Structure formats: C-alpha cells, structure tokens
Amino acid sequence: MMPSQIIISNISSSARLKYVKPGYQFLANHFVAWISVPILVILFIQVLSRGNLEILALLNSSHYGHVQILFSSFLVISLSTLYNKSKRRTIYLVDFACYKAPAELRVTFDAFIEHSKIILKSEPKSLEFQLKVLERAGLGEDTCLPSALHLLPPDPTLEACREEAEMVIFSAMDSLFLKSGLSPKDIDILVVNCSFCLSIPSLSSMVINKYQMKDSVKSFNILGMGCSASLISVSLVRDLLQVHPSYNAVVVSAELMTTIFYQGKERSMLVPNCLFRMGGAAILLSTRRTFCNIRAKYRLLHLVRTHTADDDTSYNCVQLKEDLEGNLGAWLSKELMAVAGKGLKLNLTALGPLVLPPSEKILYFMNFIARKISSSRWRPYIPKFKQAFEHFCIHAGGRAVIDGVQDSLQLSVEQVEASRSTLHRFGNTSSSSLWYEMSYIEAKGRMKKGDRILQISFGSGYKCNSAVWECAETVKIPTGDPWRDCIHKYPACVPQLIKSADQ
Amino acid sequence: MVFHAREDSPTYEDGILEMDEFFHDSIDKLLARTGVSPQDIHVLVVNVACITTIPSLASRIIKRYKMREDVKIYNLTGMGCSASLISINIVESIFKCQENVNALVVASESLSPNWYTGNDKSMILTNCLFRAGGVAILLTNKKSLKDRAMFKLKCLVRTHHGARDEAYTSCIQMEDEHGRVGINLSKNLPKAATRAFIENLRLISLKILPLREILRYALLSFVGKFVMINFKTGVDHFCLHTGGKAVIDSIGKSLGLSEYDLEPARMTLHRFGNTSASSIWYVLGYMEAKKRFKRGEKVFMISLGAGFKCNSCLWEVVRDLDGENGNCWNECDIDKYPPTSFSNPFMDKYGWLNHKDETTFDRNDFE
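Chains A and B are the protein sequences, given in the same order. Residues 1 to 503, numbered by the numbering used here, are exactly what the first sequence covers, in order. Residues 1 to 367, numbered by the numbering used here, are exactly what the second sequence covers, in order.
If you're looking for bench data, these hints aren't it; they were derived computationally from the structure. Mixed in with the good hints there might be a few duds.
To be verified - Only pairs whose alpha carbons sit at most 30 Å apart, straight line, appear in this in silico DSSO-like list of lysine-lysine:
no. : chain 1 : residue 1 : chain 2 : residue 2
1   : B       : K207      : A       : K185
2   : B       : K191      : B       : K66
3   : A       : K210      : B       : K187
4   : A       : K214      : A       : K265
5   : B       : K152      : B       : K96
6   : A       : K384      : A       : K179
7   : A       : K214      : B       : K143
8   : B       : K187      : A       : K218
9   : B       : K63       : A       : K334
10  : B       : K191      : A       : K210
Said to hold, decoys possible - Covered by chain A, according to a simulated footprint, are these stretches of chain B (three or more residues, beta-carbon under 8 Å):
no. : segment
11  : 18-29
12  : 222-231
13  : 237-244
Since we're looking at a predicted model, the values are computed, not measured. Note that CB positions come from ideal geometry on N, CA and C, so glycine has one too.
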C-alpha cells in the first residue's frame, strides 16, 4: 500500500472513531430516555385514539369502589411522604467569602530572599535549596505572611498568633455576613478548622465572643487535619444538618502562619515556608434553597472522604517535627507525590460510581472484565472524569500537586487554571484554597446554572477528600474581594523557573 | 517529662509519647474487652485539648490500629474540659443519619507541652489541679450490640457563654510578663461557671425531670416561694466534672446533693486529679466499680470547659453492671475508697512554709 493510502486509511478510520465515540456516549448516557420515551408516546397515542366515553366506561367497569380508590391514593401519598422524609436533605452552599490580606503583608521574592539570607546565613546549602524551591514553587509576588514574620528575627508570640487569627477569620466572616445577609445571632452551628493554631479558649470560642453569638450555638474546633480540613468540616455540617434541618451553619477554614512558619535551618523542613501563605474562607451552609431572599449558589451532590493512614509511608509523608535546635516545622518526604497519587486513586475509585456518566461506567466495567480474563493484553482504563464536571478546584498544594492531578485526570490547561492562578496569587492557603479557586471561577463569569464542580483536597495522614457541587443559580460576577482588583491579570503566564532580580 | 525536670523545655516528642502511652493502654483494653475489631469502627472522634500534631492524633490512631479507609475522623482541639460531650454530640448526629455504625471517642489531655514554669499565681493553679488521664469510649447504634451495651444516651444539651467577655476570659491561655505560656484562671471563673451551669440546667431539666417535679417547681415559684428543684426525682447518679474541690462543692450545693452523690467525683479528684475532658468518665467508672448501677437508673453527666461552655447529658443504665469488666478503679483497689482520712500529705510535709518569712528564703534564680 502507498504511504498516502495508509495515511488516508488511518485518517478515515480515526474519523469514524471520532464520530462513533460521541454517538456511543450519547446513547449510553440517555439510555433510559431512549427506552421510556417511545413507550410513553405509544401509550399517549393509544389514549388519544379512544374517546372520553370509552375511558369513563373503562373506569366504571373496574371492580374497585370509591373507598378503595381513596384508600389506595392515601396509601400512595403517605408512602411518598415517608420516603421523602427518610431521604437525606440536600445541603446548599448559600454563599462564601475569602480573606484578602492588606498589601503591607505582601512577601515579594526579594523580601523573602533577604530574610532567608539573614536567617540561613550559617547554612549556605540550606539557603541555596530554599531559593531553588522558591523559584519553582509557582507563587507570585502578592502572597502574604502575617506581620510577626516580617520582623527580623520573626516574633511568633501567642499574642501575634491571636492577632493573625482575628484578622483572617473576622475579615472573612464580615464579608460573608455582608454578602449573605446572615446575622451572627442566627448561626446555629459553627465549625472552625485550622492546621495549627492552638489556643485556649479555642478559635471557635473566639469567634463566638467576637460576634456575640447565641448560647445554644454548637461549635466545633478542628485542628491538625491538614489541607483537606475544609471538606471534613463540610462533612460534619452535612450530618448535623440532617438532624437539625432548620439550622444555619458556618464553616471557617483558616491557615495561620505565625506559629507554623519554620524558624530553623534544616533543609528538609524549609519547603513549606516557600509554599504556605496566610488565607481563610467562611462558608454558609443550609438546607434551605432560599436564604434571606437570596438563592443559594450551590448544591452539595457528593462528598467522599478517604485516607491511607494505615500505610506507614502515607502516614509519615507529612509530619510536624522538631529539628536539633528545637524549632518546630513541617517535614515533607520525597514520597509525597506518590502517596498523593495513591490517595487520589482511592478517592476517585469511590467517587467514580457516583459521578461518572453511564458511558464511562460501561467502558470501565468492560475493561475490568477484560483485564480479569487477560490482564497482560489490556491496560487499565482511566475514566474520563472531565466529562462529568465543568469546573475543577484542585487543592493549590504546589505546582507539582496541580501537575500531578492534571496528568492523572487528563485535564486541560483551562481546567486547572483556577488552581494555578490561586497558587500564584495567594499561595498554598491550605484548606481554604478550594474556596479561592471557586471564587476565581465566579470572578471570571464562568459559573453557570447546572455546572458541576469537583473539589479535590489532600491532607496529612494521608487524606484525600473530594466534594461535588452543582451550581444552583448562574453566579453574577462578584464585585467583592479577593479577586476584584487582579482578575484581569489572570490567567498569568507563570514560567517554570522564576529568577529574582538579585540573582 | 516532669519527673526528669524538663518542664522548662518540653519537646514535641514528649507530647506525642504521652498520647501514645494513653492510646496503647486505653484503646487496646477497650477493643480487647468488647471484641470489636478496629476495622469495624466507622467513626473516630479524638479530642485532646492542649496539643496539635501533624498528622493529627486521629490519623495516628488509624495508623496504629489499621482502621478502614472510609472511617470518618474528627480531631477536636482546644475545646477544654467539656470536649468529651461535644464528641458524643458529633457521634449522636451521625447515628441519626446512618444505621449500623460503631464509633470510637477518645478524650485526653496533654500536659507535657503545657506545664507552666512561671510564678504567676493564677497560672500555677493548673499545675496543681491537672493530671494525666484519658478515656476511650465505644458507642454504637447497632441493634445486635444492644444487649451488650452499658448505657443508652437519652439527651444531650450544650451551652456556650462565649458571647460574654467575662466568661470568655475566665480561662484563657496567655503569656505572663516573662513570656512563659500558661492558662490563666481568673477570679471570674466561679461566676462564669455558675451562670453557664444554671443556663444548662434550665434547658436540660425540662428534658430529664418528671412532669410532676416541673409542675411543683413552677407552681411554687409562681406563688413566690423559694424552692429548689429536686434533681433526684429524675436522676439516680451524678457524674460531675472534677474541676477542683470548689467546683464539686459548688455543684453539689446547687443540686442539693448528698455526700454519697458527691463521693465519686471527690474520689476521682483525689485519685486521678483533674483529667480534663475524661474526668466525668473516671467518675462513671468509680460508680461502676462500686456496683451502684442497676438497670433503668439514670446517670447525669455535667462538665464545664474554657470558652465558657457547660455541656450535660443523661444516660440510662441498660443492664445491671457488676463492675468486673476491667475498669481502671479495680486496679486501684476500690474497697480502699473512700479513704478514712483526707488530710493533704503536702500540707503535712510543706505546710510550715506558709508560716515563714519568705524574705529569709535562699532562692535560686530560674529566669
């Protein structure tokens, strides 16, 4: 065969495949409609072809009296009501607000390098390592750290930690009250989560004191659950709202850097300093679709929590440790990405049956059977999760995390744009990063009614949690923070390597 | 750590070690006694007030016991001495949404990183009261385990007075003038505790007392007579938070309790000290070891915590308990309690210091 004929043959076969696949997907995903619509049409035609008198005669000739018909109707209505009551109530995300730090807390590359040169003066190799990480981290020049860490030497006192907590949490909550019309006295459930800010009374008590909340408020203070703690808090609220459907719940996710910023010189513990930045979000959840005459923005469809803590490698990949000088810091192991991949696979295996369209489920099932029969001939089929969602919010843990998830889920550049932009503008704000990403998509005017959003987050232990939201109302471009004055700059072109002016 | 004179410089590992010792003892015993496999635990709630670890203590427990991949875990911190009932509240809500669930609640207090090494009197008090301890509780809503259960939860009420500045600052972690971190117990603490306590009782009494007692109280109050609610009409046993002798005396007086009712709390304070969130469970254990529980009896638990919180609940005894199932009090020779003498051995040995002129003391400078 001539080469051109081979090319033409290949193109035509690929062209056939190109049209067959969407056709197969359409057929499989709408199978029920394909079967039921023709049956309903036939029944309708049959009814229309009979006259009114014929239909009445049919009803009168039935052996059931009026009492039996009434009783049957009552039974059907009662059973339907019982069924509705036993169903899990839908959880709505009414609105959320993210914290935006003031400009004076910005940490530019030059400022960070200057501080590092002074603190790591006696450890040139650690300094060189930290600079390398910073160059490749994917962060921009507008990320922020609290004022205590701008000092030389840093002054992370208990008082400074409380000040940071008040600034981040109260700002986010004030924005939420303004956007949603919620009054602090109407909050019935308050869940505050943070990676590491031990304070007595707890952060949740601090919020209750500030906003003079009611005595019956149910508060929970979750610490140490890592970057996936926000979805863990949403999971807790989901269960609480099933028991108390009339309650209003607020989840506050904050990353407070004052006490967690590593002050030592150990190389393996310097990486988080280059990635983590202060940030926070406040989220209002309810079982009501309309709140204070405002329609809720999102509906929670699924939330899947998985962990791999039973495996030692997974458990040990992120740890808080003390170095030889007694400085506390987070240590990240080299196996972190592999562990994250394993966690992601486990979570998606649980999530897949809930969200994948029937076409993908059928393909996966057929591939599974084929591999059982002859595993050497068939590669595992990776379902196309991108078909199930319009938007993706991947935890902005770092460039490598976003790259890894993008490869695993075969996502396009546009689909990870929110994550990369959040990492660049705000840094890794831990559990609140998912909300900065949602806010980005809203600020870009991309959130339309019916859109499905997948949030994926990771956390120490090792946890992988995911949530699926559906946009209940097309979201108008918000006029508030945190993206208000910089959305026009994104998507930004972030080079793989950023050199500072000093080098 | 304290015995090695390292209170001034505790390490992060000291806190972890303290928690590991508690986990290995309590959780191992609980799982062995009940025969429940760690793989059958669906929910794990850990609350330890004064330590944050990464990964969390809940993850640490999962790793040690190889729990299932979809176990729901919650790690609560900083919620004070009433946190165990907050954890029970979480489990209660989950039980109402899901069937056939086993839940493990673990409550403790970490003293290693929190020993106050300064001289501020309001912060030294915590060193005198708080001691190491912890509890592991297995809860279930499985009908198959109903006959093996000890207690059934009837109701739980939470009250939070954090909106009041006086209450919020009554128990607060802060730095003293020399930068040493400690927990300040202010003079407002008894007043804040009393207010939260009364508010909580007001709510829970309607749920736990018989109607005739409520009507009696309402009628007599209406005609202007001073009357105390008789909680013993609805409650047979009282588990009071062992915050200190003053706390026990005060609650006992408010509820009109006898020495017999207060004995479990006093003995827990005597033997174990204030073990924070787990203290009410030591009190429960004392009553079980003393064979006080008969089927159908009601047990009232009340605890107070920083913020200021007051949480309470009512349990019903499911079956007669003979106290033979490995309760920690059995290892203490329960028959020795109550002891015949309550003299403070420290007063006998060091009480003479109070009568000496401190300007004559030869003090080492610890600054």
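Hint check results:
1. Straight-line distance between C-alpha atoms of B:K207 and A:K185 comes to about 25 Å, which keeps the hinted pair within the 30 Å bound.
2. For a cut-off of 30 Å, the pair hint linking B:K191 to B:K66 is broken: about 46 Å separates their Cα positions.
3. Between A:K210 and B:K187 the CA atoms are separated by roughly 22 Å; this keeps the pair inside 30 Å, and the hint holds.
4. Of the supplied pair hints, the one linking A:K214 and A:K265 is violated, its CA atoms being roughly 46 Å apart against a limit of 30 Å.
5. Restraint check for B:K152 and B:K96: satisfied, since their Cα atoms lie roughly 14 Å apart, inside the 30 Å limit.
6. Taking the CA atoms of A:K384 and A:K179, the gap is near 36 Å; set against the 30 Å cutoff, the hint is violated.
7. In summary, the hint linking A:K214 to B:K143 is not supported, as the alpha carbons are separated by about 37 Å, beyond the 30 Å threshold.
8. At most 30 Å may separate the alpha-carbon atoms for a hinted pair to count; B:K187 and A:K218 meet this at roughly 27 Å.
9. Straight-line distance between C-alpha atoms of B:K63 and A:K334 comes to about 20 Å, which keeps the hinted pair within the 30 Å bound.
10. Distance restraint check for B:K191 and A:K210: the Cα-Cα separation of roughly 20 Å lies within the 30 Å cut-off, and the hinted pair is therefore satisfied.
11. Note: the segment 18-29 of chain B has 0 residues with beta-carbon separation from chain A under 8 Å; the three-residue rule is not met and the coverage is violated.
12. Figure legend: the segment 222-231 of chain B, annotated as covered by chain A; annotation inconsistent (0 residues with Cβ-Cβ distances under 8 Å, at least 3 required).
13. Counting residues of the segment 237-244 of chain B whose C-beta sits closer than 8 Å to any C-beta of chain A gives 0, which falls short of three, so the coverage hint is violated.
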